[in-house]
Amino acid sequence: MLTAFAIVTDGLVYAAYLFVVAIGLTLIFGVMKILNVAHGSFYAFGAYGAATAVGIYFDRGLPDAGGFLFMILVAMAIGLVIGLVLERGILRLAYGRDEVVIVLITYAVFLILEDMLILIWGTGSLAAYQPLVAAGNVEVGALILSGYDIGLVIFAGLLALGGSYALNYTRPGRLLTVVIFDRETAAAFGINVTLVYTATFALGAILGALGGAVMAPKIAVTLGIGVEVIVLAFAVVAIGGMGSMEGALVGALIVGLCRAAAVHLVPQIELFVIYGVMALVLIFRPHGLFSRAEPRKI
Amino acid sequence: MTNRSTLIGALAFLVLAAAAPALPPWLISLATIAFAHALVVLGLVIMWRAGLVSFGQALYYAVGAYCVALVSRFTGITDAFVLIVLGGLAAGLLAVLVGFLLARYREIFFAMLSLAMSMILYGVLVKTEALGSTDGFNVAPATFLGYAPEGAMLNLALFWLVLVLSALAAAAIGVYFRSVAGAIAVPVRDNEIRIEFLGLSVNRLIHLKLVIAGILGGVGGALAAMTISHVDPNMAYWTTSGGFVFVTILAGAGSIAAAFVGSFAFEMLRSIAVALLPGAWQLILGSVLLITILFVPDGLGSLFMRKTRGKEGEPA
Numbered sequence: 001m002l003t004a005f006a007i008v009t010d011g012l013v014y015a016a017y018l019f020v021v022a023i024g025l026t027l028i029f030g031v032m033k034i035l036n037v038a039h040g041s042f043y044a045f046g047a048y049g050a051a052t053a054v055g056i057y058f059d060r061g062l063p064d065a066g067g068f069l070f071m072i073l074v075a076m077a078i079g080l081v082i083g084l085v086l087e088r089g090i091l092r093l094a095y096g097r098d099e100v101v102i103v104l105i106t107y108a109v110f111l112i113l114e115d116m117l118i119l120i121w122g123t124g125s126l127a128a129y130q131p132l133v134a135a136g137n138v139e140v141g142a143l144i145l146s147g148y149d150i151g152l153v154i155f156a157g158l159l160a161l162g163g164s165y166a167l168n169y170t171r172p173g174r175l176l177t178v179v180i181f182d183r184e185t186a187a188a189f190g191i192n193v194t195l196v197y198t199a200t201f202a203l204g205a206i207l208g209a210l211g212g213a214v215m216a217p218k219i220a221v222t223l224g225i226g227v228e229v230i231v232l233a234f235a236v237v238a239i240g241g242m243g244s245m246e247g248a249l250v251g252a253l254i255v256g257l258c259r260a261a262a263v264h265l266v267p268q269i270e271l272f273v274i275y276g277v278m279a280l281v282l283i284f285r286p287h288g289l290f291s292r293a294e295p296r297k298i
Numbered sequence: 001m002t003n004r005s006t007l008i009g010a011l012a013f014l015v016l017a018a019a020a021p022a023l024p025p026w027l028i029s030l031a032t033i034a035f036a037h038a039l040v041v042l043g044l045v046i047m048w049r050a051g052l053v054s055f056g057q058a059l060y061y062a063v064g065a066y067c068v069a070l071v072s073r074f075t076g077i078t079d080a081f082v083l084i085v086l087g088g089l090a091a092g093l094l095a096v097l098v099g100f101l102l103a104r105y106r107e108i109f110f111a112m113l114s115l116a117m118s119m120i121l122y123g124v125l126v127k128t129e130a131l132g133s134t135d136g137f138n139v140a141p142a143t144f145l146g147y148a149p150e151g152a153m154l155n156l157a158l159f160w161l162v163l164v165l166s167a168l169a170a171a172a173i174g175v176y177f178r179s180v181a182g183a184i185a186v187p188v189r190d191n192e193i194r195i196e197f198l199g200l201s202v203n204r205l206i207h208l209k210l211v212i213a214g215i216l217g218g219v220g221g222a223l224a225a226m227t228i229s230h231v232d233p234n235m236a237y238w239t240t241s242g243g244f245v246f247v248t249i250l251a252g253a254g255s256i257a258a259a260f261v262g263s264f265a266f267e268m269l270r271s272i273a274v275a276l277l278p279g280a281w282q283l284i285l286g287s288v289l290l291i292t293i294l295f296v297p298d299g300l301g302s303l304f305m306r307k308t309r310g311k312e313g314e315p316a
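Residue numbers (our numbering), protein chains in the order written: chain R, 1 to 298; chain S, 1 to 316.
Honestly, the hints are just simulated from the structure, not real lab data. Positions of the beta carbon are idealized from the N, C-alpha and C atoms, including for glycine. Just to be clear, a hint being listed does not mean it is correct.
Straight-line distance between alpha carbons at most 25 Å, and here's what the computed SDA-like set of lysine to any residue pairs gives [unchecked claim]:
(1) S:K127 x R:A262
(2) S:K127 x R:V277
(3) R:K33 x S:T134
(4) S:K127 x R:L280
(5) R:K33 x S:Y105
(6) S:K127 x S:N234
(7) R:K33 x S:I193
(8) S:K127 x R:L271
(9) R:K218 x R:A160
(10) S:K127 x R:V227
(11) R:K33 x S:F109
(12) S:K127 x R:Q268
(13) R:K33 x S:T128
(14) S:K127 x R:P267
(15) S:K127 x R:G190
(16) R:K33 x S:N191
(17) R:K33 x R:V103
(18) R:K33 x R:Y197
(19) S:K127 x R:E270
(20) R:K218 x S:N191
(21) R:K33 x S:F295
(22) R:K33 x S:G51
(23) R:K218 x R:L280
(24) R:K33 x S:L101
(25) R:K33 x S:K127
(26) R:K33 x S:T292
(27) R:K33 x S:V296
(28) R:K33 x R:G190
Quick look at which bits of chain R chain S covers, simulated, 3 or more residues with Cβ under 8 Å [as the list claims (entries may be wrong)]:
(29) 198 to 206
(30) 235 to 246
Extracted from the complex, chain R is given alone in its bound form (with noise of 0.2 Å):
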């Protein structure tokens, strides 16, 4: 039973981080039809960039509220410039060239930024762990649960209402829908698809960012956080559909539990199993779990 309650407690936890770093590579995807590999780099940017904010906050004695807001807004501006900085560079030079090829331009990015992170941020690991600390212990029955892991399921949580609302009741996410049914149409509509896709890249961006600055606390920041997270985010949104919000959810809930399941049960296929439900997912729902039919092209 308790052990029962740790899976879902754990897998919950790790559900929602998972959601939060791909709820962004799915609306990308979703729009603008990019598989983006730089993901995993916004996810580092934003995690680097939440603990040096981390670092120069703390310890001074201000109130820990502020911490936390300061370690988000840091790594959301760090995103909103990458993602501008990316999306008015490079990519707008590859728009209309094949699907697999803007992956490989990504992937290309990806290993730039990497680097970058090296010459910004040296090859030593941060530590950030003040706000899990600030955020103190709950106990619940025999469990110890740390506060800081169920605000990230609560932001979690928040970040997919709030999502499903702007995307179905806002203005923007109205326009947004129809850009993501069919480009040409919205634009011969007088959609300016462009901008659409600018503030599409920005905001997945800045998500991407989100999601390092909410686990830097968690975790050790440190080089390759990007590699590992990008493929397991990429299990997440093919689980789930790609580009459909509800499959990230459902997706990032499916290995969350999954692998917490593994961790407590049997600790040997912690890795394996992820991308074995993502195969055999793609097995029988070959586009995911949540994806729409495309009309065959002749």
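Assemble chain S onto chain R, guided by the hints.
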């Protein structure tokens, strides 16, 4: 055109084989690894011609490498020829199996699923302590039909072996490209449904490509394992696959020779970049890749081909 490139290829092969003893040892090692990787890249080129990019080719590479390492460790067989055949077969068999699944997918979904496959292997290797976990384990020095060279001579022998296998593979792939199954790749990329109307099964054509690429990946991995004398799970990680894709794009799908030249250039570029700017070599590689994709879409190989075509006045 074909005859002339075959002639140039054969000439390059002879010159390289003859010059090898005079070359510095580091260059021999680098070239051996580069050509072993070029075999894997050749597999990617075959798929790229049909518009498919595999972000999981490291799967076959790692299977070939681990096959060599395991067989030599547990059976004591160290004969390079036997090991390479086994490595190629193991990877080829895996490709046959995985192919039933993968051949149904295209574009990004193909890339993602092949990525998942290689990551599954990575997960298994990392967590299996009998296989050395994240450290991997060493591979015994190779022998050649009873001949057991050591040190510099072993490197030279491996280089000649890689060279011969590269020549064989290049010739065989050349034949394949001119066959119906190979020549249909570009039409598959342009319009699959029309190929189906011609009465050909696209899935089966792609399955065949996957198996050929798998075998090449396995042989490349086997050769790499013998050259490095070590295997570890990173051989199956997605960044390894990314490196192979990188060379494929750099070289372009236009010619077989480009895969070898491209792979050699890549290893050279990487060695030089690591030596000069240890903290920024990915930056250099990434920039080169970006510039190649944006301004030389068909790969660096296309620069030379366009020139020769222009001279002969052939239609492009």
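Hint-by-hint comparison with the structure:
This hinted pair checks out: K127 (chain S) and A262 (chain R) have alpha carbons roughly 12 Å apart, not beyond 25 Å. A distance of roughly 17 Å separates the Cα atoms of K127 (chain S) and V277 (chain R); the hinted pair therefore holds under the 25 Å criterion. Our distance criterion of 25 Å between C-alpha atoms is broken by K33 (chain R) and T134 (chain S), whose separation comes to about 35 Å. A distance of roughly 20 Å separates the Cα atoms of K127 (chain S) and L280 (chain R); the hinted pair therefore holds under the 25 Å criterion.
Under the criterion of a C-alpha separation no larger than 25 Å, the hint pairing K33 (chain R) with Y105 (chain S) is consistent with the structure, at around 17 Å. For the hint pairing K127 (chain S) with N234 (chain S), the CA-to-CA distance comes to about 13 Å; that is within 25 Å, so the pair holds. Under the criterion of a C-alpha separation no larger than 25 Å, the hint pairing K33 (chain R) with I193 (chain S) is consistent with the structure, at around 22 Å. Using a Cα cut-off of 25 Å, the hinted pair K127 (chain S) and L271 (chain R) holds, with the two alpha carbons roughly 8 Å apart.
For a cut-off of 25 Å, the pair hint linking K218 (chain R) to A160 (chain R) stands: about 21 Å separates their Cα positions. Of the pairs offered as hints, the one joining K127 (chain S) and V227 (chain R) holds, with about 19 Å between alpha carbons and a cut-off of 25 Å not exceeded. The suggested pairing of K33 (chain R) with F109 (chain S) holds, with an alpha-carbon distance near 12 Å, which does not exceed 25 Å. Of the supplied pair hints, the one linking K127 (chain S) and Q268 (chain R) holds, its CA atoms being roughly 6 Å apart against a limit of 25 Å.
For the hint linking K33 (chain R) to T128 (chain S), the alpha-carbon distance of about 37 Å lies beyond 25 Å, and the restraint is violated. For the given pair, K127 (chain S) sits about 9 Å from P267 (chain R) by alpha-carbon distance, which is consistent with the 25 Å threshold. For the hint linking K127 (chain S) to G190 (chain R), the alpha-carbon distance of about 54 Å lies beyond 25 Å, and the restraint is violated. Between K33 (chain R) and N191 (chain S) the CA atoms are separated by roughly 20 Å; this keeps the pair inside 25 Å, and the hint holds.
This hinted pair checks out: K33 (chain R) and V103 (chain R) have alpha carbons roughly 10 Å apart, not beyond 25 Å. Proposed proximity of K33 (chain R) and Y197 (chain R) is supported: the alpha carbons are some 10 Å apart, at most 25 Å. Taken as a hint, the K127 (chain S) and E270 (chain R) pair is honoured in the structure, with Cα atoms around 8 Å apart against an allowance of 25 Å. Of the pairs offered as hints, the one joining K218 (chain R) and N191 (chain S) is violated, with about 49 Å between alpha carbons and a cut-off of 25 Å exceeded.
The suggested pairing of K33 (chain R) with F295 (chain S) holds, with an alpha-carbon distance near 22 Å, which does not exceed 25 Å. Between the alpha carbons of K33 (chain R) and G51 (chain S) the distance comes to roughly 17 Å, so the proposed pair stays at or under 25 Å and holds. Distance check on the hinted pair: K218 (chain R) and L280 (chain R) sit about 30 Å apart at the alpha-carbon level, beyond 25 Å; violated. Between K33 (chain R) and L101 (chain S), the direct Cα distance comes to roughly 24 Å. Compliance with the 25 Å bound is thereby established for this hinted pair.
Taken as a hint, the K33 (chain R) and K127 (chain S) pair is broken in the structure, with Cα atoms around 35 Å apart against an allowance of 25 Å. Note on K33 (chain R) and T292 (chain S): the hinted pairing holds, with a Cα-Cα distance of about 22 Å set against a maximum of 25 Å. Of the pairs offered as hints, the one joining K33 (chain R) and V296 (chain S) holds, with about 23 Å between alpha carbons and a cut-off of 25 Å not exceeded. At roughly 21 Å between alpha-carbon atoms, K33 (chain R) and G190 (chain R) fall within 25 Å of each other, so this suggested pair holds.
Given a C-beta distance limit of less than 8 Å, the hint that chain S covers the segment 198 to 206 of chain R is violated, as 0 residues qualify and 3 are needed. For the segment 235 to 246 of chain R, the assignment as covered by chain S holds, since 3 residues bring a beta-carbon within under 8 Å of that chain's beta-carbons and 3 suffice.
Hint check: violations occur at hints 3, 13, 15, 20, 23, 25 and 29; the rest are consistent with the structure.
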